[in-house]
Amino acid sequence: MRPAASADAVAVAPAACSPELVALAHRLADTAAAVTSRYFRTPVAVDVKQDTSPVTIADREAELAMREVLRQQCPDHGIFGEEQGYLAGSGGSEYLWVIDPIDGTKSFITGTLLPADPLFGTLIALLHRGEPVLGIIDQPILKERWVGVTGQQSTFNGAPISTRSCAAVGDAYLYATTPHMFEGEGEAAFNRVRDAVRIPMYGCDCYAYGLLAAGYCDLVVEADLKPYDYMALVPVIQGAGGTITDWRGQPLRWQAGTEGDVSACSGEVLAAGDARSHQQALQLLAWK
Numbered sequence: 040m041r042p043a044a045s046a047d048a049v050a051v052a053p054a055a056c057s058p059e060l061v062a063l064a065h066r067l068a069d070t071a072a073a074v075t076s077r078y079f080r081t082p083v084a085v086d087v088k089q090d091t092s093p094v095t096i097a098d099r100e101a102e103l104a105m106r107e108v109l110r111q112q113c114p115d116h117g118i119f120g121e122e123q124g125y126l127a128g129s130g131g132s133e134y135l136w137v138i139d140p141i142d143g144t145k146s147f148i149t150g151t152l153l154p155a156d157p158l159f160g161t162l163i164a165l166l167h168r169g170e171p172v173l174g175i176i177d178q179p180i181l182k183e184r185w186v187g188v189t190g191q192q193s194t195f196n197g198a199p200i201s202t203r204s205c206a207a208v209g210d211a212y213l214y215a216t217t218p219h220m221f222e223g224e225g226e227a228a229f230n231r232v233r234d235a236v237r238i239p240m241y242g243c244d245c246y247a248y249g250l251l252a253a254g255y256c257d258l259v260v261e262a263d264l265k266p267y268d269y270m271a272l273v274p275v276i277q278g279a280g281g282t283i284t285d286w287r288g289q290p291l292r293w294q295a296g297t298e299g300d301v302s303a304c305s306g307e308v309l310a311a312g313d314a315r316s317h318q319q320a321l322q323l324l325a326w327k
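The numbering of the sequence shown is the working numbering, which starts it at 40 and goes up by one.
The hints are simulated quantities; they were obtained by calculation from the structure and are not laboratory data. The reader is advised that the hints may include incorrect statements.
[Claimed, not checked] Derived Cβ-Cβ restraints for the label pairs, each shown as a range:
hint, residue 1, residue 2, range
1, Gly124, Gly209, 26 to 36 Å
2, Leu181, Ile96, 39 to 49 Å
3, Arg287, Arg77, 38 to 48 Å
4, Arg77, Ala206, 39 to 49 Å
[Said to hold, decoys possible] EDC-like, lysine to aspartate or glutamate: derived pairs with alpha carbons at most 16 Å apart:
hint, residue 1, residue 2
5, Lys182, Asp69
6, Lys265, Asp300
7, Lys327, Glu226
8, Lys327, Glu222
9, Lys327, Glu170
10, Lys265, Asp69
Every residue, glycine too, gets a C-beta built ideally from N, C-alpha and C.
Given only the sequences and the hints, what does the whole structure look like? Please build it.
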C-alpha cells in the first residue's frame with residue numbers, strides 16, 4: 040500500500056482540488072491497479088483499434104472500473120478515457136477526469152518490466168475549466184506512484200520530489216517513447232534536439248516523465264499524443280519544479296466540448312526539469 044500525501048500537504052490544496060478529490064484519484068489508481076496487476080504477464084487477446092494501436096481486456100476492464108467509481112462518487116463530473124471516449128457529467132460540472140488505464144499497452148502486452156525500466160503505467164488527471172489541477176502516474180507492478188496537485192510539491196510514494204538542474208541542452212539526458220512517433224517536419228525538429236543532447240534514450244512511455252520529475256533525466260520530447268497521454272503529467276512535472284508545454288511553449292490545456300473531440304489538441308509535448316534547457320529545446324524545435 041503506497042502512502043498517500045500527508046495531511047499537511049493535502050490541507051493546502053487549492054479550492055479547485057480538494058482533499059476529497061485527491062483521495063478519489065488515489066482510489067481510481069488503486070482500482071485500475073487491481074485489474075492491470077491481475078492481467079499482467081497472462082495470455083490476453085490483443086485487438087487492434089481503428090488508429091492501429093493495440094488494446095486488451097485489461098485496458099477495457101480497468102477503465103470501466105474507474106468509470107464506475109466516478110459514476111458513484113461524482114456523477115456530475117465529465118469523463119474522457121482512451122477506451123470509452125467522452126461522457127458528460129449529469130450536472131454541468133466544470134470538472135473533467137481524463138484517464139488512460141494503461142499508458143504503454145505495447146509494453147504491457149509483451150510483459151516488459153525490468154527493475155530499472157517499467158514501461159507502462161496508469162494516468163489519471165483532473166481538469167478544472169480545462170486546466171489540469173491533479174495528476175497521478177501509477178506503476179502498479181512496482182507499486183510506484185507519482186502525485187501532482189496544483190500549488191503543492193509533487194510526491195513519489197508520499198515523499199517530496201524535485202527535478203534536477205540542467206542549464207544546457209548539451210548536458211541533458213533525453214527520453215522519447217519511440218523515434219517512430221515523429222514524422223516530416225516534426226521528425227526534423229526532434230532530430231535537432233536529439234543531436235544536441237548528451238544522451239538520447241527511447242522507451243518508458245509515461246514512466247520517463249516520472250523519472251524527470253524525480254530528477255533522473257532532463258528532457259522528454261514527444262509527438263502524436265492525446266490528452267489522456269499527457270494531462271496527468273502536467274501537475275506532476277510542474278509540482279516538482281519542471282516545465283511542460285507544447286512545442287510552441289504554450290500551456291497544455293483542454294476543453295473537452297460536447298463530444299470530447301481531440302482534433303484541436305496539440306499532440307506535441309516538451310517537458311524539462313530546468314527552465315533553461317526547456318527554452319533551449321524550444322529554440323531547437325523552432326516549431327512551424
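Hints, verified against the model:
{"no.": "1", "hint": "Gly124 with Gly209: 26 to 36 Å", "verdict": "violated (42 Å)"}
{"no.": "2", "hint": "Leu181 with Ile96: 39 to 49 Å", "verdict": "violated (22 Å)"}
{"no.": "3", "hint": "Arg287 with Arg77: 38 to 48 Å", "verdict": "holds (41 Å)"}
{"no.": "4", "hint": "Arg77 with Ala206: 39 to 49 Å", "verdict": "holds (45 Å)"}
{"no.": "5", "hint": "Lys182 with Asp69", "verdict": "holds (10 Å)"}
{"no.": "6", "hint": "Lys265 with Asp300", "verdict": "holds (10 Å)"}
{"no.": "7", "hint": "Lys327 with Glu226", "verdict": "holds (12 Å)"}
{"no.": "8", "hint": "Lys327 with Glu222", "verdict": "holds (13 Å)"}
{"no.": "9", "hint": "Lys327 with Glu170", "verdict": "violated (25 Å)"}
{"no.": "10", "hint": "Lys265 with Asp69", "verdict": "violated (23 Å)"}
In summary, the structure is inconsistent with hints 1, 2, 9, 10 from the numbered list given earlier, while agreeing with the others.
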